[in-house]
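Taken in order, these protein sequences are the chains called A and B. Heads up: the first sequence begins at 1 in UniProt numbering, then just goes up one per residue. Heads up: the second sequence begins at 1 in UniProt numbering, then just goes up one per residue.
Heads up, some of the hints might be wrong.
Identical copies carry no separate label here, and so any pair may be met within one copy or between two of them.
Unchecked claim - Below, computed lysine to any residue pairings styled on SDA-like, alpha-carbon distance capped at 25 Å:
no.	residue 1	residue 2
1	Lys415	Val217
2	Lys109	Gly194
3	Lys109	Leu54
4	Lys148	Glu381
5	Lys109	Leu354
6	Lys352	Gly93
7	Lys148	Val40
8	Lys109	Asp96
9	Lys97	Pro273
10	Lys109	Lys238
11	Lys109	Pro91
12	Lys109	Tyr347
Calculated from the structure, these hints are not laboratory results.
Number of protein chains: 2
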Amino acid sequence: MVNHKLQLVGEQARTAATTLGQLSTTTKNELLEAMAMGLVDNQAAILQANATDLAEATGLKQSFVDRLTLTESRIADMANGMRQVAGLDDPIGNVDKMWHNEAGLLIGKQRVPLGVIGIIFEARPNVTADAAALSFKTGNAVILRGGKEAIRTNIAISETFRAILQAHDIDENAIQMITDTSHETANEMMQLVGYIDVLIPRGSQRLIQRVVETAKVPVIETGAGNCHIYVDAESDLKMAADIAVNAKVQRPSVCNAAEKLVIHSSIAAEYLPTIAAALEANDVQLRGDDRARSIVPSMVAAEDDDWATEYNDLIMAVKVVDSEDEAIAHINHYSTKHSEAIITNNYQNGQKFLQQIDAACVYINASTRFTDGFEFGFGAEIGISTQKLHARGPMGLNELTSTKYIIYGNGQVRK
Amino acid sequence: MVNHKLQLVGEQARTAATTLGQLSTTTKNELLEAMAMGLVDNQAAILQANATDLAEATGLKQSFVDRLTLTESRIADMANGMRQVAGLDDPIGNVDKMWHNEAGLLIGKQRVPLGVIGIIFEARPNVTADAAALSFKTGNAVILRGGKEAIRTNIAISETFRAILQAHDIDENAIQMITDTSHETANEMMQLVGYIDVLIPRGSQRLIQRVVETAKVPVIETGAGNCHIYVDAESDLKMAADIAVNAKVQRPSVCNAAEKLVIHSSIAAEYLPTIAAALEANDVQLRGDDRARSIVPSMVAAEDDDWATEYNDLIMAVKVVDSEDEAIAHINHYSTKHSEAIITNNYQNGQKFLQQIDAACVYINASTRFTDGFEFGFGAEIGISTQKLHARGPMGLNELTSTKYIIYGNGQVRK
């Protein structure tokens, strides 16, 4: 049974969604600007709430506390992020294509909001501003459920937005924050069939798995990236080393960072010492299979578990293969279908890799770190989908929309 | 716990999907032609299996038995349907769009198969051929689970296809039929997370609801259509009557048939007698609200339940409203978001209806019966989605695909 309070949240979101879908782009953009300004105007209260959250955040990892902490500059960043969303093209109402059918009907496929989006996230309070802005821009109501460690901060931010909406005569339930941070309430939110059109979990692999396994409402699975760099027999050593280093160390904690290096045996002896030295110079611990270790003895021995592990850390496992086919089979077996790259100068090998690797993003001669809505040019990102239904890869505004067919006739009946 | 046998089916489908996704369009079309020919070549055995199924089909409604029954001509239709699928454009491999990002990467959004499609359906054995053809053409493996009443027929058809695949050295597990027709096995199929990428139920509203409520794998909800025809104050009486009759009686059992007539009070007295007479002349039972009955006394009194009911029969409920806003509010409240139509000569009223009605297909001056993949020009249809995620409205080949980003670089690393 869904509890009454949560059902009310769902009903309020549905009602808000009805009016949101009809707002003009101008109105939505003005409101986004006003909400951005509200964040800055209200920063004293937000920082106060954050200070209280932080005071209770004892015994947490420093990296976690860092993600939780707001400063004036971070609030300014959040506000600027909202202004950027205001500046993006509004997909709602656009007609992707339009054609006449045999009966002479003019059929158009028009972008419409999804309706109500649920977001379950962890420590970072900036997700509140981010998700609210992207949902609002696409005419969707949003129900947010953040982690308990940031609850006061999240409430202060969402109440700021709701006050602005109210002051502009927009249904403030367009943005709702669930204040009860119990696991039970999160689980019940995942059962709100008929109220939530899509649930997007943002955070650790553990959180995402729990949502995927528990939810009855449709989920878009985001996140996990056990990404590989495959260095082909015909390839450029410097490019391979540069990309391996960038993909591994530029930001090791994120899902598009590379976790594995796969290298062709015919160039392993020549390339591996250089690539390994470049990685080790960046404090990367290397874990190799036997052949890799015979070339670079400083590597730790990789265990079976290593091939499937997303480290999110300065660790990289190295495997030597005898063919591109072996590389592709290995990657397709262990990949989380996020982002995979080949380094090659061979035309056929590159095309084959693109075709045969099953992943959201497949690269030739580039770092996997580019898998990102901003890098792709979408101007925004709500997450990176690793599933195949609805959206795959970086999700921008367009991925927060559905479509409806609008059909113009002049009396047609079916024969 | 998923039972071992079903898990094996899932594993076999996944393995088949890997090779299917790499088949050329020519190979797929040749196989579809061969499978179509196989159906005809093997029709004696298929009809024999069907006769056994029919012999056991005692105590079933005549309409159900009719859907179950195969004849030489129906098998020829199935074969022709498969040949038509062979003739359609293959979406797999197409790149929908391609652009350069700021770093100079060339990013393409390419159509790829979903992977493994599950279909749960009821009596009609032609779904086996239909779903197999559409899945195969889009490079997807399919796991079929039909109703127990047609199990021998379904097995005869699917084994025909599998023999053809095997003879052409294609993994026959591209097409698998679950032979155990128990509810438990169907329920377990709905839990095959990691094996089935999307489950599409085809059949009664009861079946679809059970799948939506039970499944852990992603489902595309199809079907239910409580469709409305709204006759606006400014409209053409003859057009309104023609469309109401066509939408109601041309095929009353299907989801895009109209179930409700909503009419503006300012023309109700003039229009209703003519429209009602046209419907009654086609054996439609009319159920009216008080105002409709005061104009056409032959109408039965509509109950509260009527407004939400999909009759799938020669019954239509009639409601008189005082404004388009009231019509839109009524429709959005009771609609199953399938297909809705307005009959109007007023530009603003038409556009408002298109914008404010929340449904997969919204019509001006045309029958709701056009909501169909063939009528839309897709050349095929696996079902009509009434949900907003992934696909909405008639689903053709394109809706059985996902995408991946293919990215061409020349050494780019992220700054």
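Now for the hints, and whether the structure bears them out:
no. : hint             : result
1   : Lys415 to Val217 : neither (39 Å within a copy, 38 Å between copies)
2   : Lys109 to Gly194 : within (24 Å within a copy, 31 Å between copies)
3   : Lys109 to Leu54  : neither (48 Å within a copy, 43 Å between copies)
4   : Lys148 to Glu381 : within (24 Å within a copy, 47 Å between copies)
5   : Lys109 to Leu354 : between (30 Å within a copy, 12 Å between copies)
6   : Lys352 to Gly93  : between (39 Å within a copy, 13 Å between copies)
7   : Lys148 to Val40  : within (24 Å within a copy, 64 Å between copies)
8   : Lys109 to Asp96  : both (6 Å within a copy, 15 Å between copies)
9   : Lys97 to Pro273  : neither (53 Å within a copy, 40 Å between copies)
10  : Lys109 to Lys238 : neither (47 Å within a copy, 29 Å between copies)
11  : Lys109 to Pro91  : both (12 Å within a copy, 18 Å between copies)
12  : Lys109 to Tyr347 : between (38 Å within a copy, 20 Å between copies)
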